[in-house]
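Protein chains in written order, with numbering that gives the first Met the number 0: chain A, 0 to 142; chain B, 0 to 142.
Since the hints were made in silico from the structure, they are not lab data. Yeah, the Cβ is synthetic: ideal placement off N, Cα and C, and Gly gets one too. Fair warning: there could be bad hints in the mix.
[Claimed, not checked] Covered stretches of chain B, as calculated for chain A (at least 3 residues, CB under 8 Å):
no.	stretch
1	35-46
2	104-111
3	121-130
Protein chains: 2
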Amino acid sequence: MTENKDNLEKLIGLSKEKGLKLTPQRMVIFRILSESKQHVTVDQVYKRARVEYPMLSPATVYRNMEQMVETGLLTHLELSGASMRYDTNLDEHHHFVCSKCRMVTDVYLDNIKYSLDESRSQLGKAQINSLDLHLQGTCGECL
Amino acid sequence: MTENKDNLEKLIGLSKEKGLKLTPQRMVIFRILSESKQHVTVDQVYKRARVEYPMLSPATVYRNMEQMVETGLLTHLELSGASMRYDTNLDEHHHFVCSKCRMVTDVYLDNIKYSLDESRSQLGKAQINSLDLHLQGTCGECL
DNA sequence: TTACAAACGCAAATGATTCTTATTTAGGTT
DNA sequence: AACCTAAATAAGAATCATTTGCGTTTGTAA
Ligand SMILES: [Mn+2]
Ligand SMILES: [Mn+2]
Ligand SMILES: [Zn+2]
Ligand SMILES: [Zn+2]
Chain A
0 MTENKDNLEK
10 LIGLSKEKGL
20 KLTPQRMVIF
30 RILSESKQHV
40 TVDQVYKRAR
50 VEYPMLSPAT
60 VYRNMEQMVE
70 TGLLTHLELS
80 GASMRYDTNL
90 DEHHHFVCSK
100 CRMVTDVYLD
110 NIKYSLDESR
120 SQLGKAQINS
130 LDLHLQGTCG
140 ECL
Chain B
0 MTENKDNLEK
10 LIGLSKEKGL
20 KLTPQRMVIF
30 RILSESKQHV
40 TVDQVYKRAR
50 VEYPMLSPAT
60 VYRNMEQMVE
70 TGLLTHLELS
80 GASMRYDTNL
90 DEHHHFVCSK
100 CRMVTDVYLD
110 NIKYSLDESR
120 SQLGKAQINS
130 LDLHLQGTCG
140 ECL
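With the hints as extra help, turn the sequences into a complete structure.
Structure, rendered in structure tokens:
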């Protein structure tokens with residue numbers, strides 16, 4: 000997949016811009032992220048990473064992924080109850096979670112802007128920083 | 000407040016219907032809920048309850064509140080990261096959370112139905128059981 | 001090189017919630 | 001009034017994801 004390689008290049012480039020050091024641990028995490036499907040957990044990344052880098056610490060993965068969120072390389076979705084998921088899809092979108100298999104599906108919602116308008120008018124002077132629609136149910140597979 | 004008393008009566012009545020035993024612990028929890036503002040945490044209820052019932056166990060509060068959700072006396076909102084909030088407002092609505100003071104504000108969104116339609120068409124045969132809009136930002140007070 | 005902040009590994013701490021187990025009790029039934 | 005049993009409880013251990021403290025290592029840039 001040349002696509003993955005591009006992804007990896009992008010991560011490396013961006014992190015360089017942000018002044019992050021290119022440590023081997025970070026490289027492994029970057030590579031795994033660029034090869035992974037979206038919505039991975041820290042634990043998933045950690046388990047794959049330790050195969051090629053056995054002395055890697057989970058804390059390092061936690062620290063790095065959260066840092067990537069801060070620097071805008073990733074998004075994190077805090078799903079109710081379950082562990083944090085990290086999203087490489089930076090486009091504005093929302094999520095459906097299957098309560099059986101826990102699979103996360105992207106949803107693109109144009110009409111959500113009307114709900115944002117409604118919210119604004121009801122919340123008065125409050126400042127809205129984020130808006131996330133959480134859909135939950137049973138996916139096609141699990142039905 | 001006769002309103003609180005009505006609330007309490009309602010809780011007692013409903014729980015009787017559902018076959019829940021009227022233990023003193025449950026009564027204290029009911030009363031506190033009927034006197035509290037919306038969106039309380041288990042810990043808030045526990046701390047207030049132990050004043051009049053010092054031997055109360057936190058697990059009992061957890062058990063009771065979650066059971067009340069199951070029997071439809073309460074709703075719980077799983078806010079990202081923070082601890083679970085319990086809502087006595089059973090009307091369909093959504094929530095704004097201030098990231099400074101953690102205050103939770105109700106929002107009523109008519110237009111959200113259009114997002115539900117969009118979601119349905121994108122998710123195909125999946126069955127959607129719940130839809131929650133999480134708004135986050137800074138409240139008027141904190142600004 | 002030297003220097004210093006950034007990054008790490010490890011292990012302990014945290015915090016919310018759940019589970020376990022022995023004991024008590026509410027509320028219906030003789 | 002004594003009795004029965006499923007439901008409920010207290011207390012504390014366990015869980016699980018995540019965070020933090022700290023002593024050590026390592027990039028990077030002068
Ligand atoms: Mn996504
Ligand atoms: Mn509410
Ligand atoms: Zn599923
Ligand atoms: Zn606030």
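Right, here's what the structure says about each hint:
Given a C-beta distance limit of less than 8 Å, the hint that chain A covers the stretch 35-46 of chain B is violated, as 0 residues qualify and 3 are needed. Only when three residues or more bring their CB closer than 8 Å to a CB of chain A does the claim for the stretch 104-111 of chain B stand; here the count is 7, and the claim holds. Counting residues of the stretch 121-130 of chain B whose CB lies closer than 8 Å to any CB of chain A gives 10, so the stated coverage by that chain holds, three being the minimum.
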